[in-house]
Amino acid sequence: MSARALINVPAKAKRGEVIEIKTLISHVMETGFRHGTNGQEIPRDIITSFSCAYNGEEIFSTQLYPAIAANPFVTFFTVAMASGTLTFKWVGDNGFEMIEEAKIVVE
Amino acid sequence: MGLRHRLSRREILLAAGATAGAGATTPLATRPAAATPAEMQAAMRHVVGQATVRQGKVTLDLPPLVENGNTVPMTVAVESPMTAKDYVKAIHVFNEKNPQPNVISIQLGPRAGRATVSTRIRLADTQHITAIAEMSDGSFWSGSQEVVVTLAACLEDLQP
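Sequence order for the protein chains is A and B.
Going by numbering that gives the first Met the number 0, the letters in the first sequence line up with residues 0 to 106, in that order.
Going by numbering that gives the first Met the number 0, the letters in the second sequence line up with residues 0 to 159, in that order.
Just so you know, these hints were derived from the structure itself, not from any lab.
Subject to a maximum C-alpha distance of 20 Å in a straight line, what follows is the list of computed SDA-like cross-link-like pairs (lysine to any residue): (1) 21(A) <-> 59(B); (2) 21(A) <-> 119(B); (3) 102(A) <-> 18(A).
Label-pair distances were calculated between CB atoms; the ranges are: (4) 84(A) <-> 82(B): 21 to 29 Å; (5) 23(A) <-> 66(B): 19 to 27 Å; (6) 43(A) <-> 80(B): 35 to 43 Å; (7) 88(B) <-> 93(A): 26 to 34 Å; (8) 13(A) <-> 63(B): 36 to 44 Å; (9) 149(B) <-> 13(A): 42 to 50 Å; (10) 88(B) <-> 19(A): 19 to 27 Å; (11) 149(B) <-> 57(A): 35 to 43 Å; (12) 23(A) <-> 60(B): 17 to 25 Å; (13) 86(A) <-> 35(B): 38 to 46 Å.
Ideal Cβ positions, reconstructed from N, Cα and C, are used throughout, including at glycine.
Please model the complete structure; the sequences and the hints are all you need to start from.
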């Protein structure tokens, strides 16, 4: 099963309106603090950063730590400036990278 | 789009772990000690430097009691007009009892419109969560809340 991301962006907004963006990605967020059945440490495997760009300009960025729950859910706000594309990028351990896009129409 | 097959790799890791002999691992591997309030202070100092942190402007919204510390909804909101001259540059959230003191760090700008972010966190025990906001004028503000946790996260090992 591949990682999947769900993004909730209003399809339309008025210029200057503050809109809420909700994101969810499936990821185990293995903390690195658990032990397996033989007592060995299960290695850390988490998403370490998540950022969003709006028509190419970064509007939001975060660094995530093992304290973030599995299947990271992150919501934030932005000002609807212009129609275009929101790009979401997740980067994590073991070369994990996921990029998703959402379009928005701003009137 | 860079989609990757995560679950199959985790399955391989778990299967390898289950069949590996005890000799492949360090005997008596100890769990990292839980972070202490002192470690949380140190992590906060690392972010704030020598600046004074004032209480206020930052509201942490967490349930006061949770049954399961594995997924606790958290909203952090900072009062700010979020204009080009006066906005929240960053929000850092810390905990005092998980193995590691950092929870999340967030960078914002005037384009955020509102300095409010929600996520879900793990809590290893009943503890205080503290959020520090760094403003565009260089000032730091903080808010804190205690959460009572009935079932701890982070420390549940796999069952045979």
